[in-house]
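Undergrad: Here is what each chain is made of, one letter per residue.
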Amino acid sequence: MTVTDAVPSTAPTFGQPVLEASGVTMRFGGLLAVSEVNLTVREGEIVGLIGPNGAGKTTFFNCLTGLYKPTSGEVRLSGTPLPPKPRAVVRAGMARTFQNIRLFANMTALENVMVGRYCRTSSGAITSVLRGPKFRREEAATRARAQELLDFVGLGKSSEHLARNMPYGDQRRLEIARALATDPKLVLLDEPTAGMNPQETRQASDLIFKIRDSGLSVVVIEHDMRFIFNLCDRVLCLVRGEALVEGTPAEVQSDPRVIEAYIGTGEDDDDDEPAGVRDVVREEDQS
Amino acid sequence: MSIATSVLVFAATAMGLNIVVGLAGLLDLGYIAFLGSGAYVAATMSGSAFATIGWKPPFLVVVLLGACVAATLGLIIGSPTLRVSGDYLAIVTLGFGEIFRFAMFNLDGNNGPNLTNGPNGIPGIPELQIGSFNFGDTHDLLGIPISRFSNYYFVLLVLVGLVILIFSRLNNSRIGRGWIAIREDEKAAEAMGVNVFGLKLLAFAVGAFLAGMAGTVKAHQDGAVSPDQYIFLESAFLLAAIVLGGMGTIAGVLLGATILKLLPEKLRFFSEYRLLLFGLLLVLMMRFRPEGLVASKRRQLEFHEEDEELAVAIESELVEEAK
Numbered sequence: 000m001t002v003t004d005a006v007p008s009t010a011p012t013f014g015q016p017v018l019e020a021s022g023v024t025m026r027f028g029g030l031l032a033v034s035e036v037n038l039t040v041r042e043g044e045i046v047g048l049i050g051p052n053g054a055g056k057t058t059f060f061n062c063l064t065g066l067y068k069p070t071s072g073e074v075r076l077s078g079t080p081l082p083p084k085p086r087a088v089v090r091a092g093m094a095r096t097f098q099n100i101r102l103f104a105n106m107t108a109l110e111n112v113m114v115g116r117y118c119r120t121s122s123g124a125i126t127s128v129l130r131g132p133k134f135r136r137e138e139a140a141t142r143a144r145a146q147e148l149l150d151f152v153g154l155g156k157s158s159e160h161l162a163r164n165m166p167y168g169d170q171r172r173l174e175i176a177r178a179l180a181t182d183p184k185l186v187l188l189d190e191p192t193a194g195m196n197p198q199e200t201r202q203a204s205d206l207i208f209k210i211r212d213s214g215l216s217v218v219v220i221e222h223d224m225r226f227i228f229n230l231c232d233r234v235l236c237l238v239r240g241e242a243l244v245e246g247t248p249a250e251v252q253s254d255p256r257v258i259e260a261y262i263g264t265g266e267d268d269d270d271d272e273p274a275g276v277r278d279v280v281r282e283e284d285q286s
Numbered sequence: 000m001s002i003a004t005s006v007l008v009f010a011a012t013a014m015g016l017n018i019v020v021g022l023a024g025l026l027d028l029g030y031i032a033f034l035g036s037g038a039y040v041a042a043t044m045s046g047s048a049f050a051t052i053g054w055k056p057p058f059l060v061v062v063l064l065g066a067c068v069a070a071t072l073g074l075i076i077g078s079p080t081l082r083v084s085g086d087y088l089a090i091v092t093l094g095f096g097e098i099f100r101f102a103m104f105n106l107d108g109n110n111g112p113n114l115t116n117g118p119n120g121i122p123g124i125p126e127l128q129i130g131s132f133n134f135g136d137t138h139d140l141l142g143i144p145i146s147r148f149s150n151y152y153f154v155l156l157v158l159v160g161l162v163i164l165i166f167s168r169l170n171n172s173r174i175g176r177g178w179i180a181i182r183e184d185e186k187a188a189e190a191m192g193v194n195v196f197g198l199k200l201l202a203f204a205v206g207a208f209l210a211g212m213a214g215t216v217k218a219h220q221d222g223a224v225s226p227d228q229y230i231f232l233e234s235a236f237l238l239a240a241i242v243l244g245g246m247g248t249i250a251g252v253l254l255g256a257t258i259l260k261l262l263p264e265k266l267r268f269f270s271e272y273r274l275l276l277f278g279l280l281l282v283l284m285m286r287f288r289p290e291g292l293v294a295s296k297r298r299q300l301e302f303h304e305e306d307e308e309l310a311v312a313i314e315s316e317l318v319e320e321a322k
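Sequence order for the protein chains is A and B.
The opening residue of the first sequence carries number 0 in numbering that gives the first Met the number 0; numbering runs sequentially from there.
The opening residue of the second sequence carries number 0 in numbering that gives the first Met the number 0; numbering runs sequentially from there.
Heads up, a few of these hints could be off.
[As the list claims (entries may be wrong)] Selected chain B positions facing chain A (Cβ under 10 angstroms, derived; list incomplete):
1) Asp86
2) Gly117
3) Asn194
[To be verified] Cut-off 20 angstroms, straight-line C-alpha distance, at most; resulting in silico cross-link-like pairs (PhoX-like, lysine-lysine):
4) Lys84(A) <-> Lys68(A)
5) Lys184(A) <-> Lys84(A)
6) Lys186(B) <-> Lys84(A)
7) Lys156(A) <-> Lys184(A)
8) Lys68(A) <-> Lys55(B)
[Unchecked claim] Chain B regions said to be covered by chain A (calculated; three or more residues, Cβ under 8 angstroms):
9) 64-76
10) 153-159
It is worth saying that the hints were derived from the structure and are not from the lab.
Note that beta-carbon positions come from the ideal geometry of N, C-alpha and C, so glycine has one too.
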């Protein structure tokens with residue numbers, strides 16, 4: 000197993016650790032999908048998670064958010080261990096988006112974000128039926144906050160549009176708004192720019208910086224290397240379920256093992272290779 | 000008037016089931032058992048000569064008790080089964096409906112306590128009496144005589160109104176949004192912090208509560224309860240009323256309930272082919288208009304996932320409404 004490199008160099012500039020995952024392992028029968036992965040995310044940090052297809056990035060996300068119960072390992076959020084239950088994880092302050100967009104397609108953009116507020120509101124059945132003052136106050140606050148978040152991601156004008164009618168890039172942003180609605184300390188974004196054109200990718204990158212500036216930590220899975228190396232403070236590269244390298248974008252970018260993992264020994268399908276790495280390799284060759 | 004009152008009982012029950020099926024999206028094939036448990040509670044506490052419990056509290060207490068017993072049954076049956084999904088839930092609830100009927104059949108004192116008089120049921124349930132107002136007598140309202148059935152009719156009208164109120168208010172709330180999210184994508188809903196299990200259980204309990212309420216009135220209006228009133232076919236009819244009328248709508252389910260209750264009365268000469276006709280009707284509905292006669296926008300969208308034009312049309316309506 001490859002030992003994960005520690006990176007003390009970037010640590011002092013950020014605050015307390017928000018997320019501490021240690022020794023996370025996920026085994027499906029005979030397949031070891033994620034093996035002993037450690038990840039620490041500090042306040043206000045953007046961490047990238049890269050790796051070839053099938054490296055276990057999304058599985059690792061699912062372990063963090065409780066969709067899977069890790070075979071072993073522990074996930075702590077602000078020091079408290081998280082139970083492997085998605086709802087408890089969201090309540091504790093970690094929200095996510097999905098690789099294949101999972102919006103509530105037949106709800107409007109505003110309603111989607113309002114669902115995200117569910118875990119921070121508490122109107123029960125009785126007050127909902129009686130329409131008590133608490134219900135009205137909370138409902139108005141939910142609506143206002145949802146609209147505010149739509150404005151934040153730049154969808155303020157599309158609040159009444161059905162999620163399924165929205166353009167692809169807007170759906171991705173709506174999913175981010177829905178995740179932000181749960182008042183997280185940390186958001187996990189699973190390929191936020193997949194299928195986007197360069198302009199949309201730039202907007203996504205601006206949005207992630209904006210989220211970070213509002214005091215949140217972000218973990219991003221991405222295949223677009225240019226995007227991830229411009230964006231992240233620290234990058235973790237997973238290969239076949241194991242943490243290969245962890246370090247600053249510059250360190251990871253120039254690490255021969257990362258390049259080898261991506262380019263492989265010639266067996267890899269060409270479609271799987273992200274353009275970014277190929278460029279990186281070419282630059283290496285020239286120098 | 001007797002048909003009208005039975006239509007209202009049916010409609011109130013169907014509206015209750017509409018919360019479970021139409022809003023939370025759970026298939027419940029044993030729903031009639033909750034109506035039955037309400038009716039049995041009312042019957043055993045009615046002061047009938049055949050009642051097995053001597054205590055006769057005021058009717059409002061009986062209504063609440065009946066509703067609570069039904070809701071408790073709903074929670075008991077719901078808490079283990081709501082973890083399974085779709086078809087499994089349908090089978091478990093189907094079984095529950097039958098278990099209820101057989102339990103009522105067998106609680107006759109031979110095996111266990113005598114609560115229900117077994118197959119004989121509890122006849123001779125006295126008329127409802129609230130204060131000095133007896134529902135069996137004919138009263139004059141502004142010179143118009145209001146007969147027995149009309150008395151029940153108006154009580155049931157209030158009940159249906161209450162059920163509709165609860166239905167629509169829950170639908171337009173945080174809880175209603177949670178239910179839609181669960182129908183759309185259960186996993187994503189859970190990952191966004193929606194209490195999926197709790198909301199399903201709530202739908203089950205509220206639905207059972209309302210059916211229990213309707214059952215207490217039904218016991219007095221029928222004057223007797225017996226196990227064979229609560230057969231599976233009744234649950235199927237309730238479900239058919241919802242599917243025919245339009246899942247998740249108020250007008251649709253009321254329409255569906257009326258059609259399904261009135262048609263057999265008007266088609267008595269046709270009685271042997273009635274079920275065949277219903278079956279055919281439902282198959283045709285599923286093929287040509289799965290969202291029901293009166294469609295809710297959301298359900299229409301769910302049933303036509305490929306239809307882009309429909310989505311655009313509904314969206315422009317939504318945008319209009321928002322302005």
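Undergrad: Verify the proposed pairing of Lys68(A) with Lys55(B), using a straight-line Cα cut of 20 angstroms.
TA: 53 angstroms, violated
Undergrad: Would the hint on Asp86(B) stand, with a C-beta cut-off of 10 angstroms toward chain A?
TA: With a closest approach of 23 angstroms, the Asp86(B) hint is violated.
Undergrad: Taking 10 angstroms as the limit, does the beta-carbon of Asn194(B) come near enough to a beta-carbon in chain A?
TA: 6 angstroms, holds
Undergrad: Given the proposed pairing of Lys156(A) with Lys184(A), does the C-alpha separation stay at or below 20 angstroms?
TA: 27 angstroms, violated
Undergrad: Check the hint pairing Lys184(A) with Lys84(A) against an upper bound of 20 angstroms on the C-alpha distance.
TA: 17 angstroms, holds
Undergrad: Do the alpha carbons of Lys84(A) and Lys68(A) lie within 20 angstroms of each other, as the hint requires?
TA: Distance ~8 angstroms between Lys84(A) and Lys68(A) Cα, so the pair holds.
Undergrad: Does Gly117(B) pass the interface check with chain A, least Cβ-Cβ distance below 10 angstroms?
TA: This hint is violated: Gly117(B) lies away from chain A, its Cβ roughly 37 angstroms from the closest one there, beyond 10 angstroms.
Undergrad: Going straight from one Cα to the other, do Lys186(B) and Lys84(A) come out at no more than 20 angstroms?
TA: Measuring from Cα to Cα gives roughly 11 angstroms; hence the hint holds.
Undergrad: When I compare C-beta atoms, does the region 64-76 of chain B have three or more residues closer than 8 angstroms to chain A?
TA: Coverage by chain A is violated here, the residue count being 0 at a Cβ distance below 8 angstroms.
Undergrad: Establish whether the coverage given for the region 153-159 of chain B by chain A is satisfied; the threshold is a Cβ-Cβ distance below 8 angstroms, and no fewer than three residues must meet it.
TA: violated (count 0)
When held up to the earlier numbered hints, the structure conflicts with 1, 2, 7, 8, 9, 10 and fits the remainder.
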